[in-house]
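S.K.: Keeping their order, the protein sequence lines are chains A and B. In terms of this note's numbering, the first sequence is residues 46 to 744. In terms of this note's numbering, the second sequence is residues 46 to 744.
Keep in mind the hints are simulated off the structure, nothing from the lab. The reader is advised that the hints may include incorrect statements.
Where chains are identical, the list cannot tell them apart; a pair therefore holds if satisfied intra-copy or between any two copies.
To be verified - With a Cα cut of at most 25 Å, we get these calculated DSS-like pairs of lysine-lysine:
| # | residue 1 | residue 2 |
| --- | --- | --- |
| 1 | K696 | K625 |
| 2 | K611 | K299 |
| 3 | K684 | K246 |
| 4 | K696 | K684 |
| 5 | K169 | K299 |
| 6 | K684 | K625 |
| 7 | K588 | K105 |
| 8 | K417 | K105 |
| 9 | K558 | K105 |
Number of protein chains: 2
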Amino acid sequence: MTDLIAQLTLAPLVASVIGLALAGFFYFRVKSLPEGTDTMNLIGRYIREGAMAFLVREYKVLAVYAVGVFILLYLAFQGHGTGLLAGGCFLLGAFLSLFAGFVGMKAATYANVRTSQAAREGSKPRALLTALDGGAVMGLSVAATALLGLGGLYWLFAGDDHLGTVLHSFAVGASSIALFARIGGGIYTKAADVGSDIAGKVVEGIPEDDPRNPGGIADNVGDNVGDVAGMGADIYESLVAAIVASMAIALTAKEEYIRGLFTAVPAGTDPVFLAVTLPIFIAGLGLAVSIVSIFIARMLRQGRPATVLRAALVGPSFIIFGVSFVAMPMLGVSQAVTYAIGAGAIGGALIGLVTEWYTAWSPIESVAEANKTGAGTGIISGLAVGMESTVVSLLIVAGAGFLANLAMPEGMGLYGIAMSAVGMLAGTAVVMTVDAYGPISDNAGGISEMSELGPEVRAITDELDAVGNTTAAIGKGFAIGSATLTVLSLFSAFVLEVNHARVVEGLAPMVLKLDEAPILIGLLLGACLPYAVGASTMKAVGKAAQAIIDEIIRQFNEIPGLREGKAEPQGTVIVDIATKAALSQMVLPGTVAIVAPVTVGFVLGPAALAGLLAGAVAVGASLSLFMANAGGAWDNAKKFIEGGGIDGHPKGSDAHKAAVIGDTVGDPFKDTSGPGVAILIKVMSVVSLLVAPLIATLH
Amino acid sequence: MTDLIAQLTLAPLVASVIGLALAGFFYFRVKSLPEGTDTMNLIGRYIREGAMAFLVREYKVLAVYAVGVFILLYLAFQGHGTGLLAGGCFLLGAFLSLFAGFVGMKAATYANVRTSQAAREGSKPRALLTALDGGAVMGLSVAATALLGLGGLYWLFAGDDHLGTVLHSFAVGASSIALFARIGGGIYTKAADVGSDIAGKVVEGIPEDDPRNPGGIADNVGDNVGDVAGMGADIYESLVAAIVASMAIALTAKEEYIRGLFTAVPAGTDPVFLAVTLPIFIAGLGLAVSIVSIFIARMLRQGRPATVLRAALVGPSFIIFGVSFVAMPMLGVSQAVTYAIGAGAIGGALIGLVTEWYTAWSPIESVAEANKTGAGTGIISGLAVGMESTVVSLLIVAGAGFLANLAMPEGMGLYGIAMSAVGMLAGTAVVMTVDAYGPISDNAGGISEMSELGPEVRAITDELDAVGNTTAAIGKGFAIGSATLTVLSLFSAFVLEVNHARVVEGLAPMVLKLDEAPILIGLLLGACLPYAVGASTMKAVGKAAQAIIDEIIRQFNEIPGLREGKAEPQGTVIVDIATKAALSQMVLPGTVAIVAPVTVGFVLGPAALAGLLAGAVAVGASLSLFMANAGGAWDNAKKFIEGGGIDGHPKGSDAHKAAVIGDTVGDPFKDTSGPGVAILIKVMSVVSLLVAPLIATLH
């Protein structure tokens, strides 16, 4: 490792250590804040205990899974002499993800009740700050552990023959956890939400977050395990996968092409290794920019929360573009790389804003209006909005990829696309901070309501919560957009890896002719998989919600005095039902994502697997955007009506009831199936990349 | 043209002439049947006049479009010396589609009231026969005109250098009409259905098909323009496209590969031409088998309608397989072709049965059950069913393609896939007959209700209508499955055509490497388009339905005595609103389908266009299956509840009201957007095939 490369690798490691230290600082700062009344304290504890209990049980399931995969990897790679290495890196990638999720979620469950307390003391800026600090623990942990793990491994294995296996195994570890955390958490949160909403509002006629509703705790737990822990694991894996894909592309690209990336290769430096190091260096820069952005957002806490948080999401993209513009010439790197990074970073911000437009502005007013003639027309309208937003978002992703490709010198177009994904994800720490802010303030609202803190407290938490809804939509747009670009990069890396392995074995490289039958058939098979995961997750939520509804009805019928508010609901029973349902239902979709590419790769060969991935990307990216945005539109249309947006149709009117139905449909759409499908395509691509050397010479 | 080829070409022409003669016979037979009471007669006339008025106005719009395309084609192909030929064949393909649609729909509008009359006379078998004969006019016209047109052109141009342009232009004519007829008809029928249902049931509290509902006529007109004329044009184009794709593949394949198709090439026969002729010959055989099947179904009219019609749909597939098994050895053709045809034919039947399972059996019971806890859970459940059925259907399509490819000798895999599409569509005449039977018996039910004919009449029409619902679902499965295989074939034909043109110009053939940036970006762009058409058609239905609801409310408020049944509703005003809305809203999605591939082809080149098509196929095939089947599940879940399927939740209960909401969402899903997306991918592929020689040398 030359000096320059060592410095470039050290930078993200330093940023990570600072990031982790700050995460620790925010963690203890939040924990030290006052908790409020005994009731608040108790509810907060119930939520925290429920969430941690879920996580612990989930981790037990994952431990079994991890051991199984470790053994499989060991056996599969032992022939290449890298059995322990592959298995160990897999475990490290998985462990760091679990660690970030654990710490981040725990912080969130401290922050929720303290945000509520700050609101109770009447201070909106302090409430905002508390929620933001709580989110920052997750945001910083996610980005810092990802960079620490990847950077550390790179530091140790740069130049080693097995670097590819090391990085890919780490990424598979990250992906596996993300898959199960996202799907399990998604099923939990929406089963609890839909179940307690329907039982509480429709069957028993009790408002949301009413203290008598036995599902209230589970609903709030769900926000933490789904939108904090699940989302964190998801974003962690995106960042890891984007970096690994670009490193893998650079590792297997032709050196003559790589030279085109540099205006002047620094003396004594291997241009290939410089190109391999750039992605992690850029991600490190992004983390540094994110840390600064988080502090700026904290300083601006007196401003309108919506403005502050939108700026925190969108601003870093432009700063990263600027920083790269200054840094690249200093390294002798062509500004083409900056343009690729910028296309991704600014494309990500654009997708975020487009998502906000479709899920918070005039389109949702039209959805709200359509509810005046009933839930049927309301849902039709939301579906149309979801589809339209999908078109625009995908056009932006395609545009970013197109520009990144165009900017690059000959032969490096795919590296450009991969770097644009890194650019889109460089601001991960701040994006995830704002993402986690959402469920924290949602929880704060729930705790205020369940503790009966009164309307002026609720007014503050409601405003923070409403902003959280919008930022969640933006964050989701970022996540799916970056997932799409990342998957395209992983796909390219997979093909390069297969061909690299073939050439080493003295075989001709595989030519993936799109017009050959195996690829076309693979395309159709790939198109199935997102629907398979969509179907199983929708079903899982439906089933689990039904079980929760039945239990809530049972409690109201059997617990004397519950309806009158004189007896306590048995919230932990619901928490238990949701936990069991989520853990058992996550197995099938999770297994499909891992087994499908491996089976197709070994049985039908690498070409059919490439077709499968292409079909899965096209279908998965569009389907997940569609589901996420349609769900967001219904959710916010309901909130728009609740806010009095439609004259003569207030909360409780028929139009509002219709909108509630749309929201119910949207819940699993946007928070379970949509994200589940997005992660499916990432996991499949990462797994394919890992097994590429093993299947390269088959068929 | 050698004797053998002439005979093989003559066979489908003879079958077509017989088919057309029989269509004429059924037309006049239906027309000569008794019409019933004056009220029935009047309502029948209103429906017929409304439907014909829509068709005439639609045809005027299409005439302008056709002239425009004629001029464009003339200009584009004039440089190749085929301007008039391309334009002329385009007009012929379009005209024959319009002709079949016109005749078939007119027959359906005679058959509806006469089916109702047969039911009034108490004879279920005669009612079944009348609806079936009415449908047979459409079924036979569609298949016979397609074969007559294609066969005639092939007779004239076989061996001519311009055969490709002739066939492709004819197919573009067929596709364009199908696109507008399907989308325009789909918007009409569902706007009228949703609009009059919501206004009638929800706003005014009047049952479906109530004579006081001003939307009743438009609703029944919609069945004809959407499910008869639109479906007919769609199936006509599928048959044309499948035949043209296989002919085009054979025309551009290498002769050495083609020889592998034959066990013994008949003396004096060019094997290439024999391979080119086979698809149309098989389609001719299919028409003959269909004619026989229609007569068998007529003979079995005393049986259970459900059994008779299911046998009519599924049986011909097996007969076609058997006939091919006998015929191919006689022509010296390898049984590999029979296996490919059989994979398609039997795969089509399987998809039909799977679709029936998901939209008529236990899955819809679970959807119905889910409605007990409200429309939200009901809709979630239907979405899951739609997704699951998509997975199974696509697996069957992929399996059929896989087997067809596997059966073929080296280099002819894509020809095999194309022939499997031809096999799936060979039974078009009988499939379309049963398809058109559905809306005819639906109309018969509507006329009986509006004429207040009493419950015993309604019992007969209700049974026929319920069967029609199931057969419609099966037919839709066939249509989308065959569309997917057809599009894969068209895609292959497009690539071969581009490369053929490049080789003629002395250029190297294009190698479509799936892992190159332009193709990956094309894939994302292609993924957008189905959502664009989905969004615009959903929006169109929502908007037009709203206008209809407003007008119905106006009529109830302003026409004195309407509510009491003492005054006549102004049904023609609603017909007019629906007509205008459908015609104006069909333009945008229709234009996208044609402009997108042409623009990408000319601006980004043939490789990006290939990527675009691949993305559009993967996304379009799955999305259209999902929408069609989810819609079918909601529709039949509602009917299941209405039939007393859920104890304690009869018609009118909360669960039923929830199911009605699902049905409303499903209406545009299954009858507008789903089919619209399926036809989008066919049109894009056909248009690409046509322009292939013009863009082959760009980029």
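S.K.: Hint by hint, say whether it matches the structure.
M.R.: Structure-based check of each hint:
{"no.": "1", "hint": "K696 with K625", "in the structure": "neither (34 Å within a copy, 36 Å between copies)"}
{"no.": "2", "hint": "K611 with K299", "in the structure": "neither (74 Å within a copy, 84 Å between copies)"}
{"no.": "3", "hint": "K684 with K246", "in the structure": "within (15 Å within a copy, 27 Å between copies)"}
{"no.": "4", "hint": "K696 with K684", "in the structure": "within (9 Å within a copy, 32 Å between copies)"}
{"no.": "5", "hint": "K169 with K299", "in the structure": "neither (56 Å within a copy, 75 Å between copies)"}
{"no.": "6", "hint": "K684 with K625", "in the structure": "neither (31 Å within a copy, 35 Å between copies)"}
{"no.": "7", "hint": "K588 with K105", "in the structure": "within (23 Å within a copy, 51 Å between copies)"}
{"no.": "8", "hint": "K417 with K105", "in the structure": "neither (48 Å within a copy, 36 Å between copies)"}
{"no.": "9", "hint": "K558 with K105", "in the structure": "neither (44 Å within a copy, 44 Å between copies)"}
Checked against the numbered hints above, the structure violates hints 1, 2, 5, 6, 8 and 9; every other hint is satisfied.
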